[in-house]
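Following the hints, position chain W against chain A.
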Amino acid sequence: MASPFQRQAFYRKVTYGALILGLFTLALAWRKGELKLFGMDIKGVDAQARDLSIREQSRGEVDWLGALARISTIGTRGAATCLLWVNALDAQKKNQWNELELYARSLTKLQPHFITPWIFQSWNLAYNVSVESDRVNDKYFYISRGIGLLAEGERQNRDNPDIRWSIGFFTQHKICQSDETNVLRSLSQLSMIPPNERDPGRFWKVSEGGRQEINLRELEDFCKMHPQLVRRLRQGIRKERRSEMLRQFRCERAEDMVQFLQDNFRVPSLWIDPRDSSEPGTWKEKQDAQKPLADRFPVLPPYHKTARPFQQPPDETALHDESRLLDEHDGFQVARAWFSYAQEPVPKPGNLPGHTEPIENPVVQRIPKHMMTIIFRSHPCLATRSTAERLMDEGWFDESGWAIPDWFRDTGDRFSDNKPALIGGGRAWSQDAWKAARDRWYDFGKVNRLLLEPSEQKNLEQRASAFARKKHIRVTDPAPPMRDEEMDPETKEEYFAFQFLRELGMYKTLCNFDVHYNRSQVESDVATIKARKIFFEALEAQRLRNNESEALRKYLDPDGMKAWRDKVLLSNKSYRTESLIQEQTFEIQLRYIDLYSRLNGRAFKAQAARLLAMPFQNPPGCGACPVGLASWIPPLIEKDWNNPLLGGPFDGNDSEGEPLVPEQARKQLLQRLFPSLFNTTTQDQPASPSSSEQQR
Amino acid sequence: MFAVLTFDRDPMQIQDVPMGLLSWIQVAGGWAAAGVLIWLLTGYRRMRAEEKAHISPWLKRAFVLSVVVSVLGYVAAGLGALATLLPKFPPALAYYAIGFGFTAGGVGGLLAAGLPFALGLASVRFRRIWALAKLSFKEAIRNRVLYGFSAMLLVLLFGSWFIPYKPEYQVRSYVGVVYWVMKILLLVTAIILAAFSIPTDIRRQTIHTIVTKPVERFEIVLGRFFGFTALMTLVLILMTSVSVVYVLRGVDPEAAAESLKAREPLYGTLHFENTGSAERGTNVGREWDYRSYITASAPNQEPQAAIWDFPNVPRSLADRDSVRSEFGFDIYRTTKGFENRGVSCKFEFQTANFNPRDKDSYNTDRGRWMGKGNLFSQKDIDEWLEGYRTRLSSASPPSNLNDRLEKKRARLTANKMSGDPPQYRLSETDIDDELAEEYGYFVLPAKDITDYHTQYIDVPAGLFRNAFQVSSTAARPGASGVQARVSVTQQSSTQYVGMAKYDLYLRLDDTKGGHEVAAFTANFYKGAFGLWLRLCLVTGLAVALSTYLSGVISMLVAGILYLGGGVIDYIQSIGLGTAPGGGPMEALFRLANRQVALIPLDEGTAATIATTSDVIFRWFIRRVLDLIPDVDRYDLTTYVGEGFNIPLTHLLLDVGVLGLYLLPWFIAAYYLLKWREIAGPT
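As you go down the protein sequences, you meet chains A and W in turn.
Counting in numbering that gives the first Met the number 0, the first sequence runs from 0 upward without gaps.
Counting in numbering that gives the first Met the number 0, the second sequence runs from 0 upward without gaps.
Calculated from the structure, these hints are not laboratory results.
Incorrect hints may have been included.
[What the hints assert, rightly or not] Sample of chain A residues at the chain W side, in silico, Cβ under 10 Å: (1) N94; (2) W96; (3) N97; (4) E98; (5) E131; (6) N136; (7) D137; (8) F140; (9) R144; (10) E243; (11) F248; (12) R249; (13) R274.
Where is the CB? At the ideal position from N, CA and C, for every residue including glycine.
Just chain A, with the same shape it has in the complex:
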């Protein structure tokens, strides 16, 4: 046996070894263990970390480069972030956009779970930087970079409704609602088309004489595949003023469109960037591969069938990253996908209108920070409505399609199969879109308790009145504070009804529910669509083809102004009382009267001169007809509908004696269309104290 010292050393080693082993085992159990004991959940460190979502992996994708960068700052992350922020500001000041993006990305790598820098810097790129570039494709590039940055933030910060909403909003706002939206929408569509399909080399062929000319066969195929893109590039979109319409980017010739495709061949897209376009006459069809998800633009939410625990189910009708994007898809639909995705972490709507159920699990549920929840919830519906409006602005109403002017002139405006060069037909574009909007608003109203059945509404009103009587208050008064124990079951129900109706009124107003819902209903009606199409065609004839007599004939079509008044306005009270519709109606009237006076000017002026002798005031913008006349001689107008001298077609009143277009709506429109003539804002403002003192 060894000496006592050796024995002691041996025992000590064994003891320490056992202790180490024991402690490690304990630590491991403490870390990995998870068990139920006497009904109690005992969770180890890992399980708690998972539940509280404090691990990198549980918060979203892990960026190993960011993690490396954070470690390499060896405790100076704060200082490094400040330095990067200052550098980013300096780079922006000096218009060094690439450096700015580099700094912005580095910043977010150092602080990936701080949401504000993601949103701020992506907004900075998509808005401030993009607007500094003069070329639209440069603008588009920085919009895509800004949105791409935010999408990266979203991947690293799952379940954040604000980031998701911002991605959607930036997309729809910058691409579909900006000044240069005609080009930006077109670029957005190019992003969705495989490069081989839009390869400019495809549309050129080399003739025997060595001349380069348009390959009409390939052009035809492209037009058929992408009618909306082609139409937008050829004739632009509806604009308020003629000058704006003419300043739009348009491709008068097919060659211009091919040049546009050439200039933007390497647009940020879903597809792997090709090095260069093919030479004329050498194009071959091939399959393009998509980029990795993180590099794609437009960015779409990830596909998932089921909801995460405690979250709302995904919107199955919205786009996702596995959707096949077609010509009809636009920035609004992409935005809608993000708005819908943003709803998932928001708790369910509550029992009262506009209310939200309390958060059950703060790890995966969040309330949006920057706007009221009910407005946040309405954004998918708003985006759906915007798609329908876009289709109307771009002239897609019914199944009739659109005839391509000029590009196929050599073949008599016919395709290779001898059929007219007509694209985009066979689908009720506007009706489908407005019906989709209506369905979404319906669902929104039901889920958020804003849309009630008449019987339900009546029942609530009765009970609310009973409560008001009991408490000697009016139904419109605020709900008095009540405690449950003070109330019997009947009073409880009545109190609930009282509260319900009060919240209903408030939240309906807040999100303008009635207007949106009613409008989507009326706009999906065939009569409305027909009338709108006629107005669009009249404007097109006047602006693009300079054919005023055709435009006038369109307005006078029975399905035009007359149907608009009788079948649309007079049949839908809530629709006709909406200020937007009233302004649009008055705009139609103005355009019609303007056309009429241009084409029948001499006779019109002679008649007007006779009528002007009458002692009535001539209202602004309603033709030569005195305002009162239209109201007391409607039969005259009916008889001679096409002579605005007797009053504009929409100068009359409805069955309740209210004007179809009130004075306020007229004024608004005139101020908007002719700001220099009708802008009376300064006159309407009350005089400042200093100016009144001076006057005194």
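What follows is chain W alone, placed relative to chain A:
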């Protein structure tokens, strides 16, 4: 912005050297005089008698003379400063006295401090320095410092995954990132090596094995400096070579078109017309006030114009087919304008021989000859030549009139077409070239400008041939000394086009040469030379500091001085009192009184005390400023990234500036190590 270099300060030119030297003498001499004074007060008294006896009499006399010159110089400067307070004393004389006094004082100080140093250098031997340098080199390798550079591999392997760029920015981004990584790795390593080397030797007493040998102490400093610099230079060369391969592989065509080249620009001087000031155009309110903007004037007003004058155009440009003028302007829109279309500008190129009265004649001729559809009959050629002869003869005909006419005839008839009667083909470029030579004028009436992309105009070389002709007609007034002029006017009154001096230039290199990759590669190495200069700077600084300070302190001081060089403009603004908000006392006063920085300070005793204290503070800051190196001067990344050739003179001037900066530090190191008690008699 592409194809444009932006300079917050104009780069140093050869002509700036005399003033720079004068300034250096005053600054370095001031510090030297201060050092001499400190030594006289403290060091001299401690010298032993035998040490004093070792000093040669002539050195003593030279030293005394230098000190006297220095003292007299500073006395003169002081008297000059006092004279500025006297109302009747001529201020010019007073300022001359100050300048002269500081220079004389500086020269005296430098001589007093530098003479023993210079004599000491005479006993320095390169053989010993080389041995010490080799030792330093080996030590550094044995310390495994090279392992740190493997971090560069991370960038080379994964950089392209994470560096975001627009296709045309690819080269710029890659250049920026690889230089940044090289800078960090090299400078940090160099500063650590240099700062810890001598103090570690002293601490471990291994320095005794050197100083006890017949080695000059200053040789240790030089040995360390050269050893570390040599090691880092090798690493730099290796890293640069790998980096250039990294940057050049798979360059995007758009990026290659923008940046993969080494342009040799010829810059002119910029002035504005009809903007209210010759120096500035309209201010559109941008935060960065680097560019000035022009717009179209009202119909009855003279057009706003930005004008670049080129006083020295090389004669070689006249021998080319065309000369490329590149530019990059900023656009500021106040209305949307037409979608997808730039802002239209008019570009006029003219020489000193051009008479503005000939504009109509030029336009008539151009319209006429362009209308010929590229085919000219003999009659057309004769008419053209006759018109040219008439114009040349209108004032005093040049002596070589016939020669010029014959040359022109030869050019016009060079491309003869078959057929009868014969016809001659002249392309539009040929016509523009001939007219440019004839009139000294070339105009592009409407060019769409867009920002963030390189744009260019190929100017007919005829214009430059005209520039070198002796004028026979009355040239425009004020054109003397200007060989070529470019005038840019804008055509839309709702849009603004912004430009700065360096935003337009003529390309001196041949744009059709096809050696762009080779030129870029060479330029990349020149850019690395800038990094090498910074490497020398930190190594020299850290070695010099480590002769007296401990390793950590040397590293920190060298690091702080280097980082201070990165924000030297800001420190300068504090030292000169131009920073918004004033100095620290004024800032404190404003904080206490809740006054914002941009409004004038309220008057009062406290405010006066604060501002006066700041005057003293600023004096100290200006002295500190003398110690801070201007490191941005050596940062040549922008040249490489933007695709501009780094001029050789730029590199030589940088070497000179670095040498002058390091020289006082080495003189200080010489004395500090010499007087340090290492293995000396106790």
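Results for each hint:
Look at A:N94: its Cβ gets to within about 6 Å of chain W, closer than 10 Å, so that hint holds up. Taking 10 Å as the C-beta cut-off, the interface hint given for A:W96 holds, the closest approach to chain W being about 8 Å. Taken as an interface hint, A:N97 checks out: its beta carbon lies about 4 Å from the nearest beta carbon of chain W, inside 10 Å. The criterion of a C-beta within 10 Å of any C-beta in chain W is met by A:E98, whose closest approach is roughly 7 Å, and the hint holds.
For A:E131, the shortest C-beta to C-beta distance to chain W is roughly 8 Å, which falls under 10 Å, so the interface hint holds. The criterion of a C-beta within 10 Å of any C-beta in chain W is met by A:N136, whose closest approach is roughly 8 Å, and the hint holds. Of the supplied interface hints, the one on A:D137 holds, with its beta-carbon coming within about 6 Å of a beta-carbon of chain W, less than 10 Å. Satisfaction of the interface hint for A:F140 is found here, the shortest Cβ-Cβ separation to chain W being roughly 6 Å, below the 10 Å cut-off.
About 7 Å separates the beta-carbon of A:R144 from the nearest beta-carbon of chain W, less than 10 Å, and the hint is met. Because the smallest distance between the Cβ of A:E243 and any Cβ of chain W comes to about 8 Å, under 10 Å, the interface hint for this residue holds. A hinted interface residue such as A:F248 counts as satisfied when its beta carbon comes closer than 10 Å to some beta carbon of chain W; here the least separation is about 4 Å, so the hint holds. Interface hint at A:R249: satisfied, since its Cβ lies 9 Å from the closest Cβ of chain W, which is below the 10 Å cut-off.
Annotation: A:R274 was flagged as interfacial toward chain W, and the flag holds, the nearest CB pair being 8 Å apart, inside 10 Å.
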